Amino acid sequence: MAIITISRGSLSGGRRVAECLCDRLDCPCLADEVLQNAARKLEVSEGAVRGKFETAPGLWSRLSRERERYVLAVQTALAEACTEGDLVYHGLAGQFLLRGLPAVLRVRLIAPLEMRIGALRAADREMSRQAAEDFIRNVDRDRERRVRSMYGLDVEDPALYDLTVNLRSLSLDAACAAIAEAAAQPAFRIGETERARHQAFAAECRQRLEESLSGD
Amino acid sequence: MAIICICRGSKSGGRRLAECLSARLDYPILGREVLQEAAAALGVPAEMLERKMADRPSLWGRFSSMRRAYVVAVQAALAERAASGNLVYHGLSGGLLMRGAPVVFCVRLIAPMESRVRVVREETGMTAAEARGYIRELDASRSRWVEVMYGEDIMDPALYDLVVNLVSLTVEGGCAVVTRAIQGPEFSVDEDVLARLEDFRLACQVKLALAGDVELRALELDAEAEGGTVVISGEVPLRKSGRTGDRIVELARGVAGVRQIRLRVEWFDPYP
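One line per chain: the protein sequences are A and B, in this order. For the first sequence, position 5 (counting from the first letter as 1) is numbered 5 according to this note's numbering, and the numbering increases by one without interruption. For the second sequence, position 180 (counting from the first letter as 1) is numbered 180 according to this note's numbering, and the numbering increases by one without interruption.
Everything labelled a hint here was simulated from the structure, so no lab data went into it. For clarity, every value in this text was computed on a predicted model and none was experimentally measured. Careful: at least some of the hints might be erroneous.
Only part of the chain B face toward chain A is listed, based on derived beta-carbon distances under 7 Å [stated by the list, open to error]:
#1 Asp153
#2 Pro157
#3 Asp161
#4 Leu162
#5 Asn165
#6 Gly173
#7 Ala176
#8 Val177
#9 Arg180
#10 Ala181
#11 Gly184
#12 Ser188
#13 Val189
#14 Val193
Yeah, the Cβ is synthetic: ideal placement off N, Cα and C, and Gly gets one too.
With the hints as constraints, model all of the structure from the sequences given.
Here you go:
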């Protein structure tokens, strides 16, 4: 069992795979809850926190203290959730927020563009094929820019993940089963040592956030 | 059951993953031996074919008729072994060579540079810098080969069903994950899948017969098969004698299993 982060392009089946994993592994499934906890810590709305994550920072605001504080608040909320044990996180930037932490299985889900267009149009029957494609490409481009700007990394680089799963030929169930198998490997088991590291990481994040909040 | 094609950088544990999968699933395993089988089919020395498959081709190299013949021969040898629907292949370009065939599962294995350097040093006694240079050269060569021959980026994760990073997972862990991934109905082999694999094999044999012919080797001919009927396409020079078309049909008809041939070629005037 493990902490699993799922990164994916929009409409790539991330939520359904995450829910399948949570059912299979009997553990909490988190995404928006982490943003809500972060918003409470910052005493701002969830939308404000999401906005900081979902818009690519300009060159000069990359290192702005405000953005840094928002990221830190989300990282703290996620780190605190990790101290509770196994979980699946399919929210924003999990693979970056928990970088370097042991017993974290980092998964990237990819799906062919046609499949994603189909999913979007199934949700919004009014949308034309071209509009759906444009929407997906725009969201991907924003996400790619944001990650490159904030972390200097390519979100598509498979070296950032333990597993990259392509839903081109794998069903959601097969993807879920394969990820669960990976999570059962010894490298991702949470023992006493890993639990202590997770707790220390959460405490460190909390302290940095407090310092950041008191610095104004 | 599935045809598992493993793609990886050199010294990334691909052979060990293949051996683990073969033992766990009781599938036959195939690696570089496919090159010997291909060389035998073409009647050329195995070393020459191996060199052509490994060397970094120039842009024009793609259009070299012999190089194309080598690739077709390797594809035919691989398709022959894959026809039963279960195989672990850890040689060159499996996913690309088997493109279009059913139940093919493509895995890319990536490993941290440091562990790859360690393996090379243990095997060769090179210094760390030499080993790193050696790996980079091999990676670049493979990458260039795939780019020139197929127009694809070997690092693009979209080419694979699964990319396993050995930074945290072990080879055995990766083996367990792949085994689990192919248990679904999308990789079950029934009569229909076997028939499609046989069609794929037959089409490859026809392409090999055409590529092995001195007169036809220079043409970029493709073949597709369905239930013993083979459709051959490509651009063919128009000659007054009409002999080129006859030759294509004659060679294709000589392939065991071919029942009917349809020529869907585009004729062009070689001397406009």
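Structure-based check of each hint:
no.: 1; hint: Asp153; verdict: violated (11 Å)
no.: 2; hint: Pro157; verdict: holds (5 Å)
no.: 3; hint: Asp161; verdict: holds (5 Å)
no.: 4; hint: Leu162; verdict: holds (6 Å)
no.: 5; hint: Asn165; verdict: holds (5 Å)
no.: 6; hint: Gly173; verdict: holds (4 Å)
no.: 7; hint: Ala176; verdict: holds (5 Å)
no.: 8; hint: Val177; verdict: holds (5 Å)
no.: 9; hint: Arg180; verdict: holds (4 Å)
no.: 10; hint: Ala181; verdict: holds (4 Å)
no.: 11; hint: Gly184; verdict: holds (4 Å)
no.: 12; hint: Ser188; verdict: violated (11 Å)
no.: 13; hint: Val189; verdict: violated (14 Å)
no.: 14; hint: Val193; verdict: violated (13 Å)
Hints 1, 12, 13 and 14, counting from the list given before, are not met by this structure.
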